[in-house]
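Trainee: Given the sequences, and given the hints that come with them, work out the whole structure.
These are the residues of each chain, in order.
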Amino acid sequence: MSGGIDWQAIALSVRLAVVVVSILLVLGTPLAWWLTFRRKRWTFLVEAVVALPLVLPPTVLGFYMLLAMGPHSPLGRAWDALTGHGLAFTFEGLVLASLFYSLPFVVQPIATAFAQLDRTILEASATLGASPWRTFTRVTLPLSRDGLLTAAVLGFAHTLGEFGVVLMVGGNLPGVTRTVSISIYDQVQAFDLAAANATALLLLGVSFAALAAVYAVLRKPWAVAPIA
Amino acid sequence: MTLHAVVRSRVSEQFTLDVSIDTPPGITILFGASGSGKSTLLRAIAGLLRPDAGRIAVGERTLFDAAAGVCLPPQRRSIGYVFQHLALFPHLTARANLEFGLHDVPPAERLVRVDDIAQRFHIDRLLERRPTQISGGERQRVALARALVTDPGVLLLDEPLSALDHATQTRIIDDLREWNRARRIPVLYVTHAHREVFALGERVVVLERGRVLASGTPHEVIDLPVHETIAQLAGFENLFSATVAGRRPEGGVMQCRLGESATELEVPLGVADVGAAVRVAIRAGDILLATEEPRGLSARNVLRGTLASLSPQGTTVVATVEAGERFVVHLTAGAVDSLGLRTGMPVWLVVKTHSCRIVWL
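Residue numbers (numbering that gives the first Met the number 0), protein chains in the order written: chain A, 0 to 227; chain B, 0 to 360.
Heads up, a few of these hints could be off.
[To be verified] A partial selection of chain A residues facing chain B, derived with a Cβ cut-off under 10 Å:
| hint | residue |
| --- | --- |
| 1 | Glu-122 |
| 2 | Ala-123 |
| 3 | Ser-124 |
| 4 | Gly-128 |
| 5 | Pro-131 |
| 6 | Arg-133 |
| 7 | Leu-142 |
| 8 | Arg-144 |
The hints are simulated quantities; they were obtained by calculation from the structure and are not laboratory data. Every residue gets a Cβ at the ideal spot worked out from N, C-alpha and C, and that includes glycine.
Mentor: Written as structure tokens, this is what we have:
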């Protein structure tokens, strides 16, 4: 392996990020809704758990994920019984670990968007006969569009760039768990700086383009604010 | 159908809403200072807040009954609510805002109902625009139409016109009344602007600190300001602490000494005894101002004082006069000019006995 961009690793990273962000949007949106609108006295504990990956070294998170997925853990045994192979050092294991790793980057923008909604608009929806579900799909979600978009892009970019967690739970199996950041690390270790540079530059470009696209969209006037 | 609401709701340590009202079809004004519990009552009726005790019903239909454990969610109450800041859906056009409450109505009928209500409230030409693209008065009309197109059993309005100019308010009120003549449902209209009480209300309910203070026709309630809150809200600019100095039941009058001063006013006879503390309320527009001592008047109260300030407010000039107590007097700009009024000059105030109202604390 020398001299070029590791397309296999890039494809794997993109696949991982797409899968992870899709799952996180489905799971994170109700979680954000619950954190915002159904606060209990102990909600702050859930918030702390969700935010942990922001401050924890990825290796710490990865280490515990690895233990949780190991062949002797309940999760590892259950997975083995279900699929016939272990969870660690597989793509599925990587997805599971990434879900935790990128959770705050998806949940927080959505929760922030929900919290900024004018509550009387949601109440108006209810007085007009809308069920909570109808209010959620027709009012809450459309008015939180910017938060959902931000969540998707941050979650995608963050999953694309993860390194420590992948190294711990995924290892370095080409086409299975060797993501783009691992590939760059390998290339540098092998003194193939040209290849590392090419791959790194691509990652930089993609990340920049994604963020620029989001900010370009968010800049568009979009009247979410309550009317004075 | 009558709206019947007995509501007890502890809002905070200091504030408990505890009211019982019956609102027949027609417009009822819910009147009171901010913090008197008006909005809390509306929210309880709409189901946005669960009271601790009581019962809320529209006709025979029970919406809330604490004893029976009944509490319908807002979406099943069929109560129209126009919020203070309107709460229009900013991501939807005016038409989609109106259609929002009609999602289980067949599309053909939906179209008819939206077009009908849009014509009644004169918004048919702006249905394809978003709330940010129309004026404040138009937004107000869309909010009203959105609440009414669902054919609610009760309409609640939380100070919806407070941000609009007088002329726009009047036109919208006329349309609302016109609509209410055709659909006789109870309309509960919250305001703390006394002008709206007379412009709108067939009945008025006055709230203070979570309790009903008075109710009746606007004139019954406001023109007999037996309570200080009502006097302030009804536009009595002059409110004086006073002591009853003497009573002349045969003449139907009594003398009141204002505050610590020697100034005395003759006022209509009340039930207060000599020495009792009362409040005297006088509208600023009911006081005459003279630059020379007037003689040969029927008015019994002529007070000498000093003109302390003059400040124009629109077409009116607000004057304050130091005459033992500080009086507020409303004048026209023309009167100020022709009398050559300047601050510091001596003036006389003329107040008819029956322009003075006794207000209980």
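Trainee: Answer holds if the nearest beta-carbon of chain B is closer than 10 Å to that of Glu-122/A; otherwise answer violated.
Mentor: Holds - the Cβ of Glu-122/A comes within 10 Å of chain B, reaching about 5 Å at its closest.
Trainee: Does Pro-131/A hold up as a contact with chain B if the rule is Cβ-Cβ below 10 Å?
Mentor: This interface hint holds because 8 Å falls under the 10 Å limit.
Trainee: Should the hint that Leu-142/A touches chain B count as held when the rule is a Cβ pair under 10 Å?
Mentor: For Leu-142/A, the interface hint holds, since the closest Cβ of chain B sits about 6 Å away, which is under 10 Å.
Trainee: Using Cβ atoms only, decide whether Arg-133/A comes closer than 10 Å to chain B, and label the hint accordingly.
Mentor: holds, 7 Å
Trainee: Against chain B, is Arg-144/A within 10 Å by beta-carbon distance?
Mentor: Check passed: Cβ of Arg-144/A comes within 8 Å of chain B, closer than 10 Å.
Trainee: Given Gly-128/A was flagged as interface, is its beta-carbon under 10 Å from a beta-carbon of chain B?
Mentor: holds, 5 Å
Trainee: So, Ala-123/A near chain B? Judge it on the closest CB pair being under 10 Å.
Mentor: With Cβ-Cβ at 4 Å, under 10 Å, it holds.
Trainee: Using Cβ atoms only, decide whether Ser-124/A comes closer than 10 Å to chain B, and label the hint accordingly.
Mentor: This interface hint holds because 7 Å falls under the 10 Å limit.
In the structure shown, no violation is registered for any of the earlier numbered hints.
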